[in-house]
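Protein chains in written order, with the numbering used here: chain A, 57 to 121; chain B, 57 to 121; chain C, 291 to 516; chain D, 291 to 516.
Because the hints were derived from the structure by calculation, they are not lab data.
Don't be surprised by glycine CBs; every beta carbon is placed ideally from N, CA and C.
Careful, some of the hints might be misleading.
[Stated by the list, open to error] Using 25 Å as the maximum straight-line C-alpha spacing, the simulated PhoX-like pairs for lysine-lysine come out as follows:
hint : chain 1 : residue 1 : chain 2 : residue 2
1    : D       : 347       : D       : 307
2    : D       : 318       : A       : 71
3    : D       : 421       : A       : 58
4    : C       : 318       : D       : 318
5    : D       : 307       : D       : 318
6    : D       : 421       : D       : 347
7    : D       : 307       : A       : 71
8    : C       : 307       : C       : 347
9    : B       : 71        : C       : 421
10   : C       : 421       : D       : 421
11   : C       : 318       : B       : 71
12   : C       : 421       : B       : 58
13   : D       : 318       : D       : 421
14   : D       : 347       : D       : 318
[Said to hold, decoys possible] Here are some chain D residues the structure puts well away from chain A; computed CB gaps all over 12 Å:
hint : residue
15   : 327
16   : 350
17   : 359
18   : 415
19   : 453
20   : 463
21   : 481
22   : 483
23   : 506
24   : 516
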Amino acid sequence: MKESLMDVLCCPMDKSELELEVDDRADDEEVLAGTLVCTECGERYPIEDGIPNLLPPDMRDDVPA
Amino acid sequence: MKESLMDVLCCPMDKSELELEVDDRADDEEVLAGTLVCTECGERYPIEDGIPNLLPPDMRDDVPA
Amino acid sequence: MSVREEFDAWAADGRDKGMEDRHWHTAKHALARMPVEPGDVVLDLGCGSGYAGRALKEADDAGRVYGLDGSPEMARNAREYTEDEDVGFVVGDFGSLPFATDSVDHVWSMEAFYYASDPHETLREVRRVLKPGGSFYCAVNYYEENVHSHGWQDSISVEMTRWSHDEYREAFRDAGLYVAEQDSIPDRDIEIPDADAFPTENWETREEMVERYREYGTLLTVGVAP
Amino acid sequence: MSVREEFDAWAADGRDKGMEDRHWHTAKHALARMPVEPGDVVLDLGCGSGYAGRALKEADDAGRVYGLDGSPEMARNAREYTEDEDVGFVVGDFGSLPFATDSVDHVWSMEAFYYASDPHETLREVRRVLKPGGSFYCAVNYYEENVHSHGWQDSISVEMTRWSHDEYREAFRDAGLYVAEQDSIPDRDIEIPDADAFPTENWETREEMVERYREYGTLLTVGVAP
Ligand SMILES: Nc1ncnc2c1ncn2[C@@H]1O[C@H](CSCC[C@H](N)C(=O)O)[C@@H](O)[C@H]1O
Ligand SMILES: Nc1ncnc2c1ncn2[C@@H]1O[C@H](CSCC[C@H](N)C(=O)O)[C@@H](O)[C@H]1O
Chain A
57 MKESLMDVLC CPMDKSELEL EVDDRADDEE VLAGTLVCTE CGERYPIEDG
107 IPNLLPPDMR DDVPA
Chain B
57 MKESLMDVLC CPMDKSELEL EVDDRADDEE VLAGTLVCTE CGERYPIEDG
107 IPNLLPPDMR DDVPA
Chain C
291 MSVREEFDAW AADGRDKGME DRHWHTAKHA LARMPVEPGD VVLDLGCGSG
341 YAGRALKEAD DAGRVYGLDG SPEMARNARE YTEDEDVGFV VGDFGSLPFA
391 TDSVDHVWSM EAFYYASDPH ETLREVRRVL KPGGSFYCAV NYYEENVHSH
441 GWQDSISVEM TRWSHDEYRE AFRDAGLYVA EQDSIPDRDI EIPDADAFPT
491 ENWETREEMV ERYREYGTLL TVGVAP
Chain D
291 MSVREEFDAW AADGRDKGME DRHWHTAKHA LARMPVEPGD VVLDLGCGSG
341 YAGRALKEAD DAGRVYGLDG SPEMARNARE YTEDEDVGFV VGDFGSLPFA
391 TDSVDHVWSM EAFYYASDPH ETLREVRRVL KPGGSFYCAV NYYEENVHSH
441 GWQDSISVEM TRWSHDEYRE AFRDAGLYVA EQDSIPDRDI EIPDADAFPT
491 ENWETREEMV ERYREYGTLL TVGVAP
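With the hints as extra help, turn the sequences into a complete structure.
Here's what the structure looks like:
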C-alpha cells in the first residue's frame with residue numbers, strides 16, 4: 057500500500073484514525089509489511105504483501121491462515 | 057389546463073403565486089380560457105385553448121398574434 | 291428571429307413530428323433510465339410534440355407531466371396529440387420558468403436546452419424548481435465533440451450554445467447540481483445505407499454517418515438537486 | 291462457508307479472470323457513465339480481479355482507486371495485475387467499511403453487492419463514506435426480474451440477496467441516497483449460437499439465452515449522496 061491510502065482509511069469498527077507501523081518497504085512510498093493500529097480502540101490490523109487486512113477482527117481470524 | 061396545475065405554477069417574473077380567473081371550461085377540471093393573475097405584481101397571463109401563456113410579458117408580445 | 295417565430299414555423303411545417311420520430315431513437319433509452327415513481331411530477335423543457343411526457347406517463351405511472359415550450363404552436367400541437375388530462379402544456383421561456391421552487395420531481399429536456407439564451411441561468415432555474423433529490427435529464431445531439439453537428443447553427447436563427455462533455459458537467463456543478471451520470475447514447479435505429487449509396491444528400495461518406503449516429507449519438511448529462 | 295473461504299477458492303481457480311472477461315461486457319458501459327473527474331478517489335466494492343479500478347484509472351484520470359474485497363486471495367491477485375501505484379487494495383468487509391466518513395468521490399460495485407450479509411447496512415456505509423454529491427454505481431446480474439439468475443444461489447455457499455428494481459430504489463432511498471438512475475444494460479458482446487445448437491449445456495432454448503443477455507443483462511442503480 058502507498059502511504060497516501062492513510063488519508064482515507066479508518067478503523068472498520070469505530071471509524072477512528074489509524075496509525076501506521078512500518079516493518080518493510082518496497083520504496084519511499086510503498087509499504088509492504090506492517091501494522092495499522094486504531095488510535096481509539098487499539099485494535100491491530102496487519103499489512104501483508106502490501107495489502108492491509110481491515111476485516112473486523114472476528115472475521116479476520118475465522119479461517120487459519 | 058387542469059386546475060391541479062395551479063399547485064406548481066408561479067409567476068415567471070417574481071415566482072409568486074398566481075390566481076386563476078376562469079372564462080370558459082370544458083368540464084369540471086379543464087380550463088379552456090381565462091387569466092392567471094400574479095398575486096404580487098399583478099401581471100396578467102392569458103389562458104387560450106387550454107394552454108396558459110406564461111412567457112415573460114416582453115416576450116409574449118414580441119410578435120403580433 | 292425569436293424562439294417563438296422560428297419554432298412556430300417548425301410546428302406549422304409538421305417538423306414537430308419529424309423530430310419526435312428521429313429523437314425517439316435515443317430519447318427512449320434515456321427516458322428508460324429515469325427513476326420516476328408513481329405520482330411524480332415531471333417537467334419537459336422544450337417539449338416539441340410532447341412525446342417524452344406521453345411516454346413517461348404510460349411507462350412509469352408518472353402522476354403529472356408538464357411540457358413547457360416557447361412556441362405557442364408547438365404547445366398547441368402537443369396538446370392535440372394526447373387525450374390524457376394529466377399531461378399538460380404551458381407556454382414559457384427557459385430563462386424564467388413559471389414553476390414554483392421545489393415543485394417538480396424530475397426535469398427532462400431533449401434537443402432543446404442549448405437554445406436557452408443564457409444556459410447557466412436555465413440551469414439555476416432547473417435547480418430551483420427541482421425538489422431535493424430530483425434529477426435533470428439533459429439530452430443533446432448538438433455538442434462540441436459531435437463535429438457533425440457544428441454546421442447546424444447556420445440553418446437556425448436562434449443562437450445555440452455548443453458545450454463539450456466537460457463544459458456540461460462544469461456548468462451543472464456551477465448551478466449547484468450534482469452530476470450523477472454522463473453518457474453518449476448511440477442511435478442504433480437509424481438506417482444507414484450500404485457504402486455504395488454514398489455520397490448521399492447529407493453525408494459524404496458512410497464512415498461519417500456511422501460516427502455521427504452509432505458513435506456520438508446523443509449526449510446525456512444527469513444532474514441531481516441537493 | 292464464509293466469504294473468505296468461498297472466494298479465496300474462486301481466486302485460486304482463476305475464476306477472478308473469468309468473471310472479469312464476462313462482466314466487462316456490461317460493466318464497461320456503466321463505467322463509461324460515471325462522472326469521474328481527474329483526482330477523484332474511487333472505491334470498488336468486491337473488486338475481484340480489480341479490472342474496474344484499472345479501467346477508471348486509465349480512462350478518466352481518477353486520482354486513486356481502491357479495491358476492497360473480503361477475500362485476501364482476490365486482493366492478492368488483483369494487486370499483481372497492475373503496476374499502477376495509485377491503484378491499491380484492501381481486505382475488508384461490506385458490513386463495516388474501513389474508509390473515513392466523506393472520504394470517497396464515487397463507489398463502484400459489480401456483481402458483489404448482494405453478498406453483503408446486511409445490504410441495508412452496506413448502503414448506509416456507502417452513504418457514510420461518500421462525499422456529498424458522490425455517486426454509488428451498483429451493478430448486478432442477480433436480481434428478481436432476471437429469472438435466469440434465480441438458480442445461482444444453489445451453487446454458492448454465501449447467502450445472496452435478490453432484490454427487484456423497485457426494491458433497489460427503495461433501499462437506496464431508505465439509506466439516504468438519492469436515486470439518479472436505474473437501467474438494464476444489455477450484454478451485446480456475448481456470443482449466442484444459432485438456434486440449432488440448442489439445447490446447450492446451460493440453455494434449453496435460444497430465446498432464453500437471448501432474454502438473459504440481450505434483454506435483462508445487468509441491472510444498474512445509481513445513487514447520489516446528499
Ligand atoms: N428559450 C426557450 N424557451 C422555451 N422553449 C424553447 C426555447 N428555445 C427553444 N425552445 C423549444 O425547444 C424545442 C426544441 S426542438 C425539440 C423538441 C422535442 N424535445 C424533441 O425532442 O423533439 C422547440 O419546440 C422550441 O420551441
Ligand atoms: N461481504 C463481503 N465483503 C467484501 N467482499 C465481498 C463480500 N462478499 C463478497 N465479496 C467479494 O465480492 C466479489 C464478488 S465476484 C465479482 C468480482 C468483480 N467485481 C467482477 O465484476 O468480476 C468477490 O471477489 C468476493 O470476494
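Now for the hints, and whether the structure bears them out:
{"no.": "1", "hint": "347/D / 307/D", "result": "holds (19 Å)"}
{"no.": "2", "hint": "318/D / 71/A", "result": "violated (32 Å)"}
{"no.": "3", "hint": "421/D / 58/A", "result": "holds (22 Å)"}
{"no.": "4", "hint": "318/C / 318/D", "result": "holds (21 Å)"}
{"no.": "5", "hint": "307/D / 318/D", "result": "holds (15 Å)"}
{"no.": "6", "hint": "421/D / 347/D", "result": "holds (19 Å)"}
{"no.": "7", "hint": "307/D / 71/A", "result": "violated (33 Å)"}
{"no.": "8", "hint": "307/C / 347/C", "result": "holds (19 Å)"}
{"no.": "9", "hint": "71/B / 421/C", "result": "holds (16 Å)"}
{"no.": "10", "hint": "421/C / 421/D", "result": "holds (20 Å)"}
{"no.": "11", "hint": "318/C / 71/B", "result": "violated (32 Å)"}
{"no.": "12", "hint": "421/C / 58/B", "result": "holds (22 Å)"}
{"no.": "13", "hint": "318/D / 421/D", "result": "holds (24 Å)"}
{"no.": "14", "hint": "347/D / 318/D", "result": "holds (13 Å)"}
{"no.": "15", "hint": "327", "result": "holds (17 Å)"}
{"no.": "16", "hint": "350", "result": "holds (18 Å)"}
{"no.": "17", "hint": "359", "result": "violated (9 Å)"}
{"no.": "18", "hint": "415", "result": "violated (9 Å)"}
{"no.": "19", "hint": "453", "result": "holds (24 Å)"}
{"no.": "20", "hint": "463", "result": "holds (24 Å)"}
{"no.": "21", "hint": "481", "result": "holds (36 Å)"}
{"no.": "22", "hint": "483", "result": "holds (41 Å)"}
{"no.": "23", "hint": "506", "result": "holds (33 Å)"}
{"no.": "24", "hint": "516", "result": "holds (19 Å)"}
Checked against the numbered hints given earlier, this structure breaks hints 2, 7, 11, 17 and 18; the rest are met.
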